[in-house]
Amino acid sequence: MEKKDALINYCLRLGDSSLILGQRMAEWCSNGPILEEDIAMTNLALDLIGQARTMLTYAGEIEGKGRTEDDLAYKREEREYYNTLLSERPNGHFGDTVVRNFLHSAFFYHLYQALKNSSDEMIAAHAAKSIKEVTYHLRHSAEWLVRLGDGTSESHNKVQESLNNLWEFTGDLFEMNEVDELLIKEGIAVDLNSIKKDWDKTVNDVLERATLSRPEDEYMQTGRLDAMHSEYLGHLIAEMQFLQRAYPTAKW
Amino acid sequence: MEDIKKLEEFQAKIDAEIKIEPKDWMPEDYRKHLQRQISQHAHSEVIGMQPEGNWISRAPSLRAKVVLLAKIQDEAGHGQYLYSAAETLGKSRDEYIEELQTEKAKYSSIFNYPTLTWADMGAVGWLVDGAAIVNQVSLQRTSYGPYSRAMVRICKEESFHQRQGYEIMAHMANGTPEQKAMAQDALNRFWWPSIMMFGPHDSDSPNTGNAVKWKIKRETNDELRQKFIDKTVQQAEVIGLTIPDPDLKWNEEKGHYDFGEMDWEEFWRVVKGNGPCNKQRLNHHKKAHQDGAWVREAALAYAAKQKEKQLVA
Amino acid sequence: MSNTDNQGDVWEVFIQSKPGLPHKHAGSIHATDKEMALQNARDTYTRRQEGTCLWVVPLNAIVSSMPEDNDSFFDPSDDKIYRHPTHYVMPDGAKHI
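Quick note, the sequences are listed as chains L, Y and Z, same order. Position 156, counted from 1, in the first sequence is what the working numbering calls 156; the numbers after and before it change by one each time, with no gaps. Position 160, counted from 1, in the second sequence is what the working numbering calls 160; the numbers after and before it change by one each time, with no gaps. Position 25, counted from 1, in the third sequence is what the working numbering calls 25; the numbers after and before it change by one each time, with no gaps.
What the hints contain is simulated information worked out from the structure, not anything from laboratory work. Don't take each hint at face value.
Unchecked claim - Cross-link-like lysine to any residue pairs, in silico, SDA-like; alpha carbons within 25 Å at most:
#: 1; chain 1: L; residue 1: 75; chain 2: L; residue 2: 227
#: 2; chain 1: Y; residue 1: 279; chain 2: Z; residue 2: 9
#: 3; chain 1: L; residue 1: 4; chain 2: L; residue 2: 128
#: 4; chain 1: L; residue 1: 132; chain 2: Z; residue 2: 6
#: 5; chain 1: Y; residue 1: 307; chain 2: Z; residue 2: 87
#: 6; chain 1: L; residue 1: 251; chain 2: Y; residue 2: 263
#: 7; chain 1: L; residue 1: 129; chain 2: L; residue 2: 202
#: 8; chain 1: Y; residue 1: 231; chain 2: Y; residue 2: 210
#: 9; chain 1: Y; residue 1: 156; chain 2: Z; residue 2: 6
#: 10; chain 1: Y; residue 1: 305; chain 2: Z; residue 2: 9
#: 11; chain 1: Y; residue 1: 307; chain 2: L; residue 2: 154
#: 12; chain 1: L; residue 1: 196; chain 2: L; residue 2: 154
#: 13; chain 1: L; residue 1: 196; chain 2: L; residue 2: 153
#: 14; chain 1: Z; residue 1: 24; chain 2: Y; residue 2: 104
#: 15; chain 1: Y; residue 1: 156; chain 2: Y; residue 2: 215
#: 16; chain 1: Y; residue 1: 305; chain 2: L; residue 2: 153
#: 17; chain 1: Y; residue 1: 23; chain 2: Z; residue 2: 24
Claimed, not checked - Residues from chain L shown here face chain Z by an in silico Cβ test under 7 Å; the list is partial:
#: 18; residue: 140
#: 19; residue: 230
#: 20; residue: 234
All values reported here derive from a predicted model rather than from experimental measurement. C-beta: ideal position from N, C-alpha, C; glycine also.
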């Protein structure tokens, strides 16, 4: 594998995860439990889609075939998407979303902290900008997790179940392959093993405050590295890409 | 006779353009009128998130997606500012929401029309926000302080909304034949409902009298409607779309456009609950509210526990 | 509606638009705890770089004077014109005073 191909793939991983999580958060619009939270969740979506645009644009530039952020977002198929399995999980109820966002934000947080020192200037700059956003995402989702975990017995049971259900998708966040190997050598990528313990600590601290128990690490689903997804992603993408696919000659 | 004296003082303040603030004495009818108008305005912002929200997941570019999202977010924010203003009149947001959900309160009928194509995002921004802005600019000078302050903030933020919609329309009107057809179709469907947003003719509008005397409304329905039509016709011409009104004609003498009569039967049908989406919009709102009940309860329970801990400590 | 389902308390929001300026009232939000109040104020009122610092204050912690206090509170300062610099006559030609 060439460094260029590895770098494109790495940018797609970052961009796709933000895009899919952002698309999910946008689905909350007009469905929040309280008006202020509707506004907050839209802010998260806007941050995430903004992050996706930066990384997809960069991936297109490295590739050098003239593909734009929109070409990459709207004209790739399911098996060409490299987002995390966690990001594509359906919103479910508010607790499901809070847990998914919390686990994912904690991952992004430690990932971007480390990527600030990437030898690739674009990635380092992207990480430095994104870290400000995901710091807030982490705080927002962590506080909600604590409220729900330590709220009523109903809310406690609900989010504990969300956590149990989503846990099997957390292993996928830390999977690595030859892309990582090559880019770690170049000082571009982060060794995900090195941020796993930070992620563990963040997660454990918040779960403790939330009076929730951390599920056992049993079987972990994987697939992100090979663009192997759940059935949910196809529907998300079909909806997202509808206009571009239906009117291929139109500009929007 | 205390009240007559108070009423005279109140009117004198209004006439002198001094704003009325929440703790000031005000006639009960003034309070009721404001509660109704501001909450209706707030409900409209919140229900108005739905027709546009219908296209966020399908926005045809990432730029279009963030722009639309930011715009809808503003609407949530504006609903929030307006509920805040309405709450200063002695009713809680809970009560206002209950009035909406039990159909005691109305919201703008325009949101009971469906958004069928992407061009509708253009039409809604250009026409619906355009009409709303004409009304809101006028309301910045309304006599009730909190309402006026909310309107000032809202007008500042909304300035990009209409441009966003018009940009979509312009783009599509100059696009492929299919896109142009979508744009014209959207204009055809949204034109009449948009100009009916200003409400019935002044002669048929029972609330106008006091509202103008008390300077809650600074201009009448017909005045505002004329303003909107006068500025919109040229915008349609520039992008090559046709406003679906055969009677629309410049009247040199008046310095305004003449236009055809609106379908008031349709207007009242939609107001009374039989528009294409009335039930859908309300059910959506109720469902979100009910789905969120356990979350709000949890937050309250958590806060109560925290307070208890503080007392013990 | 029951007490177990409501929109939380009203908090008033004050924003400092840049260092050196006073915090100015922006509006209000609903929240059930301090952290939520701060986050909701941030998400609702600083979407366009409006602020460098936020205060949130529970509405029920604010003590307001009432309109009927106005005569006794604010009118007595009407005739204290000696509190304003323009009250004083300076000799012709005096500078920087």
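Hints versus structure:
1. Restraint check for residue 75/L and residue 227/L: the C-alpha separation of about 15 Å stays at or below 25 Å, so the hint holds.
2. Between residue 279/Y and residue 9/Z the alpha-carbon distance is near 30 Å, which puts this suggested pair outside the 25 Å criterion.
3. For the proposed pair residue 4/L and residue 128/L, the alpha carbon gap of about 22 Å is at most 25 Å, so the pair holds.
4. Of the pairs offered as hints, the one joining residue 132/L and residue 6/Z is violated, with about 32 Å between alpha carbons and a cut-off of 25 Å exceeded.
5. Distance check on the hinted pair: residue 307/Y and residue 87/Z sit about 53 Å apart at the alpha-carbon level, beyond 25 Å; violated.
6. Between residue 251/L and residue 263/Y the alpha-carbon distance is near 36 Å, which puts this suggested pair outside the 25 Å criterion.
7. About 21 Å separates the Cα atoms of residue 129/L and residue 202/L, which keeps this hinted pair within 25 Å; it holds.
8. Note on residue 231/Y and residue 210/Y: the hinted pairing is violated, with a Cα-Cα distance of about 28 Å set against a maximum of 25 Å.
9. Taking the CA atoms of residue 156/Y and residue 6/Z, the gap is about 31 Å. The hint is violated against a cut of 25 Å.
10. For the suggested pair residue 305/Y and residue 9/Z, the alpha carbons sit about 16 Å apart, so the restraint of at most 25 Å is met.
11. As the CA atoms of residue 307/Y and residue 154/L are separated by approximately 20 Å, the hinted pair is consistent with the 25 Å bound.
12. A distance of roughly 31 Å separates the Cα atoms of residue 196/L and residue 154/L; the hinted pair therefore is violated under the 25 Å criterion.
13. The hinted pair formed by residue 196/L and residue 153/L fails the criterion: a straight-line CA distance of about 31 Å is larger than 25 Å.
14. For a cut-off of 25 Å, the pair hint linking residue 24/Z to residue 104/Y is broken: about 36 Å separates their Cα positions.
15. Under the criterion of a C-alpha separation no larger than 25 Å, the hint pairing residue 156/Y with residue 215/Y is consistent with the structure, at around 21 Å.
16. Under the criterion of a C-alpha separation no larger than 25 Å, the hint pairing residue 305/Y with residue 153/L is consistent with the structure, at around 13 Å.
17. Under the criterion of a C-alpha separation no larger than 25 Å, the hint pairing residue 23/Y with residue 24/Z is consistent with the structure, at around 20 Å.
18. Given hint, residue 140/L at the interface with chain Z, holds; its Cβ is 6 Å from that chain's nearest Cβ, closer than 7 Å.
19. Proximity of residue 230/L to chain Z is violated relative to the hint, the smallest CB-CB distance being about 30 Å (cut-off 7 Å).
20. Against a cut-off of 7 Å between C-beta atoms, the interface hint on residue 234/L is violated, since the closest Cβ of chain Z lies about 32 Å away.
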